[in-house]
Amino acid sequence: MVSGLTVSERRLALVVSGLLAVCGLAMAVVGRNDLLGTHGFVVLAFSLGIIALVASRYLGPEPSEERLSHYYDEPTKVGIVLAMVWAVVGMFFGVWVAALLAWPDLTFDAAWASFGRIRPVHTSGVIFGFGGNALIATSFHVLQRTTRARLPDQFSPWFVLIGYNLFCVLAASGYFMGLTQSKEYAEPEWYADLWLVIVWVVYFLIYIRTLQRRKEPHIYVANWYYMAFILVVAILHIVNNLAVPVSLGHAKSYSLFSGVQDAMTQWWYGHNAVAFFLTAGFLGMMYYYLPKRAGRPIFSYRLSIISFWGITFMYMWAGSHHLHYTALPQWVQTLGMTFSVVLLVPSWASAGNALATLNGAWHKVRDDATLRFMMVAAVFYGLSTFEGSFMAIRAVNSLSHYTDWTVGHVHAGALGWVAMITFGSLYALVPWMWKQERMYSPALVEVHFWLALTGTIIYVFAMWNSGIIQGLMWRTYNDSGTLAYSFIDSLVAMHPYYIARTVGGLLFFAGAVVASYNIWMTIRMSRRAEPAVQGAADMPAAVAIVPGE
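For what it's worth, the numbering used here labels the leading residue of the sequence shown as 260, then goes sequentially.
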């Protein structure tokens with residue numbers, strides 16, 4: 260990492276790390292009687308570790324100009340490893356959280372292990388830790404190949420990757436300590452949110468600077484999706500996290516919004532986090548890695564652009580369908596419902612485009628588990644978007660909302676779409692990054708596929724059954740007009756489904772462990788074997804040998 264930096268970039272890394280260490284020290288001092296101080300020590304220790312790493316190699320030889328003849332893939336490699344670390348951590352806590360619903364004593368009387376604390380560790384670990392690192396890693400790879408331009412410098416990609424993971428550490432450790440804003444997908448407190456804004460702006464600038472330097476005149480559609488993900492997530496994050504801290508020496512803050520305005524802002528953020536973090540970003544991944552792995556062009560490039568603009572425009576209006584039957588004005592609820600139903604068109608356009616791309620390559624899907632991951636992801640994307648549009652309808656929402664049906668829907672998207680397309684993309688990317696012909700064990704890729712698919716189906720079907728039964732029990736009245744079932748009755752009815760949910764999650768977690776082992780062994784194998792020769796097609800255009808020139 261450090262050896263790839265120029266002397267001026269190493270100096271900049273020391274300056275930035277030093278400033279961050281000063282901030283950590285200040286947090287530790289002013290927050291000495293508050294949990295802010297604990298996080299101050301975390302930031303300080305993190306910064307000193309980076310300073311020690313850079314300083315230990317500061318006097319090493321400067322990289323040669325020959326580096327400019329190759330793409331800068333080191334951040335992508337580290338991002339892949341970090342994504343898999345967060346996958347194992349986040350999914351482990353997911354299994355634990357699922358088990359808590361069936362066996363509540365699994366908290367072991369520890370406050371940090373309560374459902375309310377480890378549940379956001381699971382959601383943030385999987386969405387932001389696993390998903391976020393995978394998006395950063397793959398976006399750096401896709402951006403360079405589709406623009407035929409190297410990343411603009413060596414320092415800023417590391418700043419984004421390391422700074423983003425500092426945010427993830429602050430978030431997860433804060434949850435264990437009970438620090439939370441109590442906002443879905445936006446739990447970290449104000450100082451962590453400010454840090455993420457800085458990191459995200461640098462991420463956006465990397466994209467802009469690389470696109471400005473591109474040697475390919477056309478901006479490939481995957482970059483449109485990645486750019487929408489970066490830009491809109493920044494807007495969502497800033498607005499939803501506008502808050503006033505109790506004091507600069509206190510970790511707690513209070514939202515700038517209140518009441519129904521706060522709820523509307525939160526679900527404008529929450530649903531668009533699904534739209535642009537968990538959909539747009541991963542569609543960018545799909546539009547590059549699926550055609551590349553299948554060896555087929557996209558079925559319809561025009562359809563991919565129509566889908567992009569449909570998703571980008573319509574998703575922004577859909578968040579209010581989370582607030583049916585609340586104090587939110589009826590017309591706002593109806594607006595969200597209407598746009599949610601219309602969203603089915605651009606969503607199915609992308610799902611259908613992906614499956615149609617596989618025409619002529621179905622024999623590869625049969626034989627290649629990596630491509631099968633991507634195919635199943637496209638199927639689940641179509642299924643989840645149909646279900647989401649259906650559940651947004653007010654009459655259906657009256658049955659589904661606040662039940663496990665919503666949990667099943669979320670995990671059909673998270674496991675079946677997001678995780679599947681990510682694992683498929685990483686299985687394609689890892690051999691390319693470490694210059695190997697294939698993964699360490701194709702058989703383990705096959706094992707992972709069936710573990711993941713079986714776990715997803717068990718999980719989702721258990722929650723579908725559980726949720727519909729819940730909804731029906733909660734709205735069933737007897738002849739005297741009172742509820743026929745108590746809340747405890749519904750919990751007893753859910754118990755076998757919660758056990759099935761845990762089993763499904765455990766299978767999916769086992770698959771993630773298998774994937775981590777396979778990726779790690781592929782990396783080790785690359786260190787022992789002679790790397791394949793990097794072809795001219797995998798070099799920036801300035802030095803690539805282009806036919807006809």
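Treat the hints as calculated values from the structure; they're not laboratory data. The structure displayed is predicted, hence computed values, not measured ones. Just so you know, even glycine gets a beta-carbon here, dropped at the ideal spot from N, CA and C. Keep in mind that the hints are not guaranteed to be accurate.
Think about it this way: if two alpha-carbon atoms lie no more than 20 Å apart in a straight line, the pair counts; the simulated EDC-like pairs of lysine to aspartate or glutamate are [what the hints assert, rightly or not]: (1) K474 / D412; (2) K551 / E475; (3) K694 / E333; (4) K551 / E325; (5) K442 / E333; (6) K336 / E696; (7) K474 / E705; (8) K551 / E696; (9) K336 / E443; (10) K511 / D412; (11) K511 / E446; (12) K511 / D293; (13) K694 / D797; (14) K474 / E696; (15) K551 / E446; (16) K511 / D521; (17) K442 / D521; (18) K623 / D521; (19) K336 / D797; (20) K694 / E443.
Using C-beta positions, here's what the derived DEER-type ranges look like [unchecked claim]: (21) L312 / S432: 58 to 68 Å; (22) I457 / L307: 43 to 53 Å; (23) P322 / S432: 17 to 27 Å; (24) V289 / S657: 43 to 53 Å; (25) S373 / P476: 53 to 63 Å; (26) N737 / A654: 15 to 25 Å; (27) H477 / V289: 34 to 44 Å; (28) H509 / R316: 50 to 60 Å.
Results of checking the hints against the structure:
1. With a C-alpha separation of about 16 Å, the suggested pairing of K474 with D412 holds against the 20 Å cut-off.
2. For a cut-off of 20 Å, the pair hint linking K551 to E475 stands: about 18 Å separates their Cα positions.
3. Distance hint between K694 and E333 is fulfilled; the C-alpha atoms sit about 13 Å from each other, no more than 20 Å.
4. In summary, the hint linking K551 to E325 is not supported, as the alpha carbons are separated by about 28 Å, beyond the 20 Å threshold.
5. For the hint linking K442 to E333, the alpha-carbon distance of about 35 Å lies beyond 20 Å, and the restraint is violated.
6. A threshold of 20 Å between alpha carbons decides the hint, and for K336 with E696 the separation of about 17 Å falls inside it, so the pair holds.
7. For the hint pairing K474 with E705, the CA-to-CA distance comes to about 38 Å; that exceeds 20 Å, so the pair is violated.
8. Of the supplied pair hints, the one linking K551 and E696 holds, its CA atoms being roughly 15 Å apart against a limit of 20 Å.
9. Restraint check: the Cα-Cα separation between K336 and E443 comes to about 30 Å, which exceeds 20 Å; the hinted pair is violated.
10. Restraint check for K511 and D412: the C-alpha separation of about 37 Å exceeds 20 Å, so the hint is violated.
11. For the hint pairing K511 with E446, the CA-to-CA distance comes to about 11 Å; that is within 20 Å, so the pair holds.
12. The straight-line distance between the Cα atoms of K511 and D293 is roughly 9 Å, inside the 20 Å bound, and the hint therefore holds.
13. For the suggested pair K694 and D797, the alpha carbons sit about 11 Å apart, so the restraint of at most 20 Å is met.
14. Distance restraint check for K474 and E696: the Cα-Cα separation of roughly 28 Å exceeds the 20 Å cut-off, and the hinted pair is therefore not satisfied.
15. For the proposed pair K551 and E446, the alpha carbon gap of about 37 Å is over 20 Å, so the pair is violated.
16. Straight-line distance between C-alpha atoms of K511 and D521 comes to about 17 Å, which keeps the hinted pair within the 20 Å bound.
17. With a C-alpha separation of about 10 Å, the suggested pair K442 and D521 falls inside the 20 Å cut-off, and the hint holds.
18. This hinted pair does not check out: K623 and D521 have alpha carbons roughly 49 Å apart, beyond 20 Å.
19. Straight-line distance between C-alpha atoms of K336 and D797 comes to about 16 Å, which keeps the hinted pair within the 20 Å bound.
20. Annotation: proposed proximity of K694 to E443 is violated, straight-line Cα distance about 40 Å (limit 20 Å).
21. The beta-carbon spacing between L312 and S432, approximately 21 Å, falls outside the hinted interval of 58 to 68 Å.
22. For I457 and L307, the Cβ-Cβ distance of about 19 Å falls outside the hinted range of 43 to 53 Å, so the restraint is violated.
23. Between P322 and S432 the Cβ separation comes to about 35 Å, which falls outside the hinted range of 17 to 27 Å.
24. For V289 and S657, the Cβ-Cβ distance of about 49 Å falls inside the hinted range of 43 to 53 Å, so the restraint holds.
25. In this structure the hint that S373 and P476 lie 53 to 63 Å apart at CB holds, the actual value being about 55 Å.
26. For the pair N737 and A654, the beta carbons lie near 23 Å from each other, so the given range of 15 to 25 Å is met.
27. For H477 and V289, the Cβ-Cβ distance of about 51 Å falls outside the hinted range of 34 to 44 Å, so the restraint is violated.
28. The hinted window of 50 to 60 Å between H509 and R316 is violated, with their beta carbons roughly 39 Å apart.
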